[in-house]
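Student: So you can see what is in the structure, the chains are spelled out below.
2 protein chains.
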Amino acid sequence: MTVFPKKVRIVEVGPRDGLQNQPRIVRTAAKADFIRLLAASGLEDIEVASFVRPDRVPQLADAEEILAALDGDLPARLSALVPNMKGLERAIGTGIPRIAVLTAASETFNRKNIDMGVRESLDQMGPLVARALREGMSVRGYVSTGWVCPFEGTIDPDAVVRIVGELFELGVDEVSVGDTIGAATPWQVEVTLERLLERFPPENLAMHFHDTYGMAVANAYQALRMGFRTFDSSAGGLGGCPYAPGAMGNVATEDLLYLFDRLGIETGVRLAGIRRASEHIASVLGRKLPSRVLATPSN
Amino acid sequence: MTVFPKKVRIVEVGPRDGLQNQPRIVRTAAKADFIRLLAASGLEDIEVASFVRPDRVPQLADAEEILAALDGDLPARLSALVPNMKGLERAIGTGIPRIAVLTAASETFNRKNIDMGVRESLDQMGPLVARALREGMSVRGYVSTGWVCPFEGTIDPDAVVRIVGELFELGVDEVSVGDTIGAATPWQVEVTLERLLERFPPENLAMHFHDTYGMAVANAYQALRMGFRTFDSSAGGLGGCPYAPGAMGNVATEDLLYLFDRLGIETGVRLAGIRRASEHIASVLGRKLPSRVLATPSN
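Respectively, the protein sequence lines represent chains A and B. If you use our numbering, the first sequence corresponds to residues 2 to 300, in order. If you use our numbering, the second sequence corresponds to residues 2 to 300, in order.
For reference, chain A alone in the conformation it holds in the complex (with noise of 0.2 Å):
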């Protein structure tokens, strides 16, 4: 007899994750619309932007602007990914509580991604993350290409386990880890969960899936069978770049969610209000979103 969780934690990304990839940029205004609706849908856990350098990533620029603009009001904790001590400044003068830092399980994908070997990105997120938590702010971490890695293939759970202990170890009080490309199976989600399981408790994990070959709430329900509480989701399973091969968006917060309301799993947000938000940035964006339950009509 399976016991699910009473309660499961949703993290949107779809803010972050879901608009980097978007051939359309959005703009602040736009973006504070749709962060002020997945807040009032009731998630406690909002990326909401990244601290990268603007002209990389375009799509991201305006990390100040935005929570400028939010004001903090919201009910939800805000969070943001940070990629170096110059991000983490501009963080601060934010007053952004969370932070995010990123690193991967691929050599290859983490110096295409970031420009820096897993080791030298490790090493760079020591003082990054000491100086944040000296400034009361809290540290989730990353581990990209948590099972297949786009030019290395299939990745070995042990390098997925000893860079997930070190995150833990320069005090993250979360690792989210990320089957970037969506291209795992939930049977390869089981066999890393489990080595997981045996370092970590599941309550510190949490499990961010892509859907691109529609595995995704395959493998969040296996994680969920595991034990594990903490899921990753975009509004709308944005993150599908139309223009560019491939829809690798997340897998989509309306889904899980669906999959959690019908198990009888709290999780404190309305499917109503995702839908809203989702409404809305997929207007300010001009394109469907990939989600299922999304296309479904509302009650």
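Read the hints as simulated data drawn from the structure, not as lab findings. None of these values were measured; they are calculated from a predicted model.
Identical chains blur together in the list; that is why a pair holds if it fits in one copy or across any two.
Straight line, CA to CA, 25 Å or less: simulated SDA-like cross-link-like pairs of lysine to any residue:
hint: 1; residue 1: K289; residue 2: R25
hint: 2; residue 1: K87; residue 2: Q21
hint: 3; residue 1: K8; residue 2: E191
hint: 4; residue 1: K113; residue 2: V58
hint: 5; residue 1: K113; residue 2: S299
hint: 6; residue 1: K289; residue 2: P24
hint: 7; residue 1: K7; residue 2: G154
hint: 8; residue 1: K7; residue 2: R78
hint: 9; residue 1: K8; residue 2: T155
hint: 10; residue 1: K7; residue 2: T268
hint: 11; residue 1: K7; residue 2: T155
hint: 12; residue 1: K113; residue 2: P298
hint: 13; residue 1: K289; residue 2: Q23
hint: 14; residue 1: K7; residue 2: E191
hint: 15; residue 1: K289; residue 2: S299
hint: 16; residue 1: K7; residue 2: E195
hint: 17; residue 1: K113; residue 2: P55
hint: 18; residue 1: K87; residue 2: N114
hint: 19; residue 1: K113; residue 2: L171
We have chain A; now place chain B onto it with these hints.
Tutor: Below, chain B alone, put in the same frame as chain A:
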């Protein structure tokens, strides 16, 4: 340690279940090309037509013409849905080797779908199946709304077990249990399948999932883990109706195939071939199909 089956069987239902709700009626020649492309991909079983009253389902009014166009020269085993004795006479006339008969686990759904109660539909099926078997045909049974009914809600697993049992007693060699509205979770799937396994061997049961709420791959994986080896699907995830509320498509053949391929399970089906069939029918219908895998670049 999970042992996956070495081989699974995919039953392609796109030409029938997929096309029956499309607003655009596909010409016989284009349908025949679709079926030829499907067969060329390695699929062993394809449901190609329905001998319903042409005025009731105009999309499928050309059952005889399709079978004549295909002329029995395909490597796949073709089958067609047969609702009544009149339909069976038509099917016999075409020489098709396999038919399918349909009932539901929900009384209300069955009445709305085929104008008969469940008992009545099973009763009229008896002579129909017997006649088909005497003609040397093989017969598949369908149980719609095996988990959730849009009118009655959650379906009692006992009802499913009872109806599946009655279908086997009539002489069908396989029963396909359907999540007709795509509303079941993998947990609900597990509960009903456990009950079915107490009575029937998994090799005689097919899993028929729709992807309305994004649960279909997770449901298929759940069934796979429990030993089921036959899965119905539609190329491209065909079946969603762009004008009707909700996208009630079958699970996409491509998405299932991705899962099976990555797990190292044999299907005999080539993804590139399914893509070609999906691209053909998508272009005929003038719409994008919902399969996730189809949206990714082919290699």
